[in-house]
Each structure stands twice: as C-alpha cells, then as structure tokens.
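Listed in order, the protein sequences are those of chains A and C. The first sequence maps to residues 2 to 327 in the working numbering. The second sequence maps to residues 739 to 1129 in the working numbering.
I should point out that these hints are in silico values taken from the structure, not numbers from a laboratory. One or more hints might be untrue.
Unchecked claim - List time: in silico DSS-like cross-link candidates among lysine-lysine, alpha-carbon distance up to 30 Å:
hint	chain 1	residue 1	chain 2	residue 2
1	A	Lys111	C	Lys1072
2	A	Lys49	C	Lys1072
3	A	Lys36	C	Lys908
4	A	Lys197	A	Lys19
5	A	Lys19	A	Lys6
6	A	Lys26	A	Lys6
7	A	Lys111	C	Lys908
8	C	Lys1072	A	Lys26
Claimed, not checked - Quick list of the computed label-pair ranges, beta carbon to beta carbon:
hint	chain 1	residue 1	chain 2	residue 2	range
9	A	Ala299	C	Asp1096	32 to 40 Å
10	A	Lys111	C	Gly821	19 to 27 Å
11	A	Lys49	C	Gly796	49 to 57 Å
12	C	Gly796	A	Lys197	40 to 48 Å
13	C	Gly818	A	Lys36	53 to 61 Å
14	A	Trp181	C	Asp1096	53 to 61 Å
15	C	Gly1097	A	Glu22	24 to 32 Å
16	A	Lys111	C	Arg1028	44 to 52 Å
17	C	Gln1112	A	Lys6	52 to 60 Å
Glycine included, every Cβ here is placed at the ideal spot set by N, Cα and C.
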Amino acid sequence: MTVQKLPIAKAINESLRKAMETDPKVLIMGEDVGKLGGVFRVTDGLQKDFGEGRVIDTPLAESGIVGTAIGLALRGYRPVVEIQFDGFVFPAYDQIVTQLAKMHARALGKIKLPVVVRIPYGGGIGAVEHHSESPEALFAHVPGLKVVSPSNSSDAYWMMQQAIQSDDPIIYFEPKRRYWDKSDVDTDAIPGPLHKARTVVAGSDLTLVAYGPMVKVCVEAAAAAAEEGKSIEVLDLRSMSPIDFDAVQASVEKTGRLVVVHEAPVFYGAGAEIAARITERSFYHLEAPVLRVGGYHAPYPPARLEEEYLPGLDRVLDAVDRSLAY
Amino acid sequence: MTVESTAARKPRRSSKRTGSSAGKAVADPQLVQLLTPEGQRVEHPDYDVDLTPEELRGLYRDMVLTRRFDAEATALQRQGELGLWASLLGQEAAQIGSGRALRDDDYVFPTYREHGVAWCRGVDPTNLLGMFRGVNHGGWDPNSNNFHLYTIVIGSQTLHATGYAMGVAKDGADSAVIAYFGDGASSQGDVAESFTFSAVYNAPVVFFCQNNQWAISEPTERQTRVPLYQRAQGYGFPGVRVDGNDVLACLAVTRSALERARRGEGPTLVEAFTYRMGAHTTSDDPTKYRADEEREAWEAKDPILRLKTYLENEGHADEAFFASLEEESETLGKRVREAVRAMPDPDRMAIFENIYADGHALVDEERAQFAAYQASFATESDGGFAAGEGK
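When you get a sec, could you build the whole thing from the sequences and use the hints?
What follows is the structure, encoded as structure tokens:
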C-alpha cells in the first residue's frame, strides 16, 4: 500500500502524471500550464517530464482551448484542459454547451468526447473579481456534461483518474481554497464509482449535504453540533451531475432532516434540485422543509466582504437549528 | 484531346485578359481564376490544373448532381417533407473544387451548407436530410468518410478543425484538415481564435471561406472593412482569394493550400468569392434585403454554365454525355425524394439515447419514467382513452 499525505493540488498533479504515464493520448492544455505549472502549480513539473507536445501552453483564449480540445478528442486524444479561474470559463461556455456536451448525441453515439475541463472554483482566497465564483449549476444543467468536485486529496487523485478514463466530457471543479489542505492518498486503492456520494460523518438527527470546499465546513459544523448533543450526518456529494440521489434519500429517510450547503448562489442552485427531488422521494420521511445555505443572489463580493457572503460554520449551524426546531 | 487544346476555342471575351503567350490569358492576380465566366481558360502565375477530359467531365457531373440534389431538397421542403433546407445554389464550384482537392485521409469540418463537399466525400446525400427533416441532428459517422457532422453554431467547427489538425501533426501524419465557414462566420471569435491557434502551432489546416456575399440579410460590408483573405496576413499565414464560381481555380488553390499544410508549412486562408443564389434557408426571403439585379449579375457567372461552355468548346463532352447526365440527375432526384418520404420518425425512446457514452443515473431514471408513462396509455387503450397516444 502506498499512502502519502498530499495537498489537493499535489494529488491532482500526481493523478495527471499517472494518467500521462499510462496513456500517451492524454494531453494537458491551458494557459500557463507548461513552464509555470499553472497559476496554482497543479501541473507543476509535467511539461519538463512529458514535453511541450503533451503539456501545451495555449494562447490566451478559452473558447479556443476547449474548441481545439474537442478537435483533438475527435482525433483520438484525451485532453485535460485547464481554465485558469472559474470566472474565465465563459468565453468557452459556448463550446462546452453547444459542442462538447452535444456532439456525442449529434453523432447518435458514433463519436466520443473524452475531454476533462478542470476549473479551480470558489472563494475564500481574497481575490479580485471573477476569481471566486461557483458556476457548477450552469454546467450541471446541461445534458451531455458530467460535473464533479473533490473535497479531499484522495478523491482529487482518484476522481481525476476516473474523469480522464471516462468517455464523456467531465467538468472537474477544484476547490481552490482547499488546494493546500493535506490528507491521505492511497495510490494503490480501488476507488469507488465516480458519481457516488460518500458519508463523511455518520449521524441520526439531520443530514448535511455538501461538496467541494463546503464539505470541510459541514464536518466542522457536525463536530460543533455534536458538542450540543446533536447527531449530524455529513454527505459529500462528490458529483453534481449525476447526483447520487439514492444516497441522499437513504440518509434523509434515516434522519428526517436535510440541509444542503454550497458556495454557489442558492437561487436555481444544486440545493434547489436536491430539495425538490428529496421532497418527491421522501415526502413522508421529512420532519422539516429542506433548507439551503449558500451564496446570495448578488455578484460575488469584493474580498473584504467575502466572509460575510460565504456560508461559514455559523450559517450552517443556524440552518441546522432551524431545521431541528420544526 | 487535352485541356491545353485550342482547337475549338471561341474568341476570348474576358475583360480581365491581359495577354496570351501560351494560348491562355492571364487573369487578375487579386482573384485567382482559371476559367472565366465565359468559359475561357486563363492563366495564373501561381496556380494551374492539368486535368484530363474525363476529370473535367467528372467535375461537371459533380456540380450538376449536387445542384440537382439541392433542388430536390428545396422542393421537398416546399412539399412539407423537410422542415428546413439550406441551399448551396451558386456555390457548387467552391464546394466541388475544394472537395475534389482532398485526399481520402484528409478530414473535413463543414458548416451546414456543404452538400457538395459531402458529395465529394462519398456521404450519401440522403444522410444529410435527416437533420432537415427533424429525425436526428446529423447522425452519420464522421469517421466513415472523414466528414464531420454539420455544425450549426456559426464558426465553432473552425476550432474543431484546428484541434484535429494539431492531432494530425502530433501523429506525424501527412494528412490535412479543411474547415469550411462563411463571410458571416469570419466575424466570430472562434474563427479568430482558430486562426491564432493554427498559426502558433503551425497546424495543417486549410480555412476555406465561402464568401457568398450574404450572412442572411447582412452583406459582407457589415462583417469586414478589408477583403477577407487579407485577414490571414495579420495571423502570419497566407490568404488567397479565388473565383469561387470557377471550379478549376478552386481545385488548384485548395490543392496548393493542402499541399502546403502537408509539408508542415501551416495554415492557409482561402476566400472563395462566390454568391448565394438562393435564400439563406427556405425560411428566408431575400427580396427584403437585396436587389434582383445583383442576382442577375451573378447568374452570368454561373459555375456550371461556364464549365459546360468550356467542355463544349473544347469538344470534351458530347450530347450523349449531357443527356446521360440529365438522366442520372433525375434518377438521383427520384432516389432522394423516395428516401426522404420513406424516412421514418425515430422511436420516441430515442430522446434518451446517446446522451452519454458511459451512462447517467438521471437519464436512466427519466427514461424509465417516460416509458412507464407511455405504458400507462397502452393499458388504458382498451377503452379508447388513449387512441391518439399510441404509435
């Protein structure tokens, strides 16, 4: 067994390295991914070892990055493209939505688009505008795309392996403020399915569902609630498309209460979808309405206000209390 | 008899002719032309083709059959068999000339109007009609003929072509890739980005712009202040304007650009200067934005007529050839007509097919719900409740 304690950024780096060693068709593309190793150093050292032909510094044009990745995929390559920051993905949104997501269906299944789009996302790093957003719902809403986000280093490693091996286009959201959080990665493990949720903390009074950067906050909330005698179950969704509704349902039917937490704006967010589905599936098991904790219907605020905007421990606990009060 | 023969040549009428030391005139170097609208072979200092009479007749046949197919599709739309049709009328030379320049291992990324190129690639014309009938969004296997699916979002495919060409280069292959687009698409950011990417990576791609003068109702003047072919210069690769109604010039220029790509010298922009003789699509009404006189002026430059004149004048084709081709055209029209009318609606469960290669839990769930919903009508149909719902 090979277990290492790695930061999330390094786990992704190791996963990319492994994929490139295993499959010569795997390419990395993006702005500054080569010599610099990416602005977050996620691709650090890969160009040195695999060459400029496989770790490709691209022109500064996101639509061009995704559009040419599609062409490379049609030629038999498996591109992993980096969008430098969440708020910069929109020039590529057209290519992702109108082409990448739909081309397999357009061809009635005769061609495949194994493209991974990596997007560092979320706030909490004190950045300027467009560097702190959580646009996952905009991608999860699109048929043909799959959307995942790891919350820890082991998932970061294995979910990237699985995303690259998948024949479907996958949007891989990286929780950028957790890039430097270390946890164990077993590179010899046999990973579970990519699109299954994981129970992080077991509990019996209420279910907290989160993914990516908010999993850590929810685990802390569960610990704080435990001190007050409340037993909170925390589910790491891992995949926002598809969503493992069976896992959420099973947990809710045990606890009777559900709070969904994400950084993205609550309005039309993943929480809305989960609340609606669980209300349909588990109506008679619910002791309280499904509550949501997330961003407001406001542009992501300037850095000095982001702690007010981001759902922190207290806001999660407030929702837990409101749910338990029913 | 060869292409060079002057035995049956009519007196030259081209105003662009400047001299004829070798029995051919020299045309305007700004517009590569090898066959004038009057059917005269002219010389160009950089481009030429040397075709046998059989090859010339082949190009003529391609254009005639493509036009016949196109006319049939327009008629089928009028008859309600197709929801929409995007006619290529007037652009046959641009498409056949460039299409016949390709090798089998080259790869084509078309718009939604490249019916002539599809013909050259051996794509069955009836395959093109599924999306216009509304039974699929394309559906043919792009890899069977190295002819990608029609792309409707304007300009998107130029990036796919560029990426594919980058892959060709990585593979060390000497194939080339060709991306079709139009004057309207030249304003799209994706086209600009494809120029940038292909230039910096020296990708083996030919950008074939059919400037048909109109982007629905907007003239080329609304897209550009410079001739489109000149845009290439700013990206660091050559651009050339070719008479898009001259199948010989289109063949010569595209061949040259493809060869350049194969030699590893990077992209070329070809602007085929042509005219959309019909409406943008069957839903469009060009009388609202352009004058009949303009169309009439272009009619005199018809791509098929000029080659016919040349074939006749050179004695390369006889009455029997034209009669036989006429018959073949009608047979094609009939085959297309019958194939479209026989084209079944897809099974309703096709909605849920091929969305993902590796499956998706939500799709599975919704497919099952939809099937159960449909099945609920079947069980109640005894009472006639769902007579209109069954298939």
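Hints, one by one, checked against the model:
1. A:Lys111 to C:Lys1072: holds, 29 Å
2. A:Lys49 to C:Lys1072: violated, 61 Å
3. A:Lys36 to C:Lys908: holds, 20 Å
4. A:Lys197 to A:Lys19: With Cα atoms ~23 Å apart, Lys197 (chain A) and Lys19 (chain A) stay inside 30 Å; holds.
5. A:Lys19 to A:Lys6: Distance of about 17 Å is within 30 Å: holds.
6. A:Lys26 to A:Lys6: holds, 29 Å
7. A:Lys111 to C:Lys908: holds, 23 Å
8. C:Lys1072 to A:Lys26: violated, 46 Å
9. A:Ala299 to C:Asp1096: 32 to 40 Å: Distance hint for Ala299 (chain A), Asp1096 (chain C) holds at roughly 37 Å.
10. A:Lys111 to C:Gly821: 19 to 27 Å: Distance hint for Lys111 (chain A), Gly821 (chain C) holds at roughly 23 Å.
11. A:Lys49 to C:Gly796: 49 to 57 Å: Distance hint for Lys49 (chain A), Gly796 (chain C) holds at roughly 53 Å.
12. C:Gly796 to A:Lys197: 40 to 48 Å: violated, 58 Å
13. C:Gly818 to A:Lys36: 53 to 61 Å: holds, 60 Å
14. A:Trp181 to C:Asp1096: 53 to 61 Å: violated, 32 Å
15. C:Gly1097 to A:Glu22: 24 to 32 Å: holds, 28 Å
16. A:Lys111 to C:Arg1028: 44 to 52 Å: violated, 39 Å
17. C:Gln1112 to A:Lys6: 52 to 60 Å: holds, 53 Å
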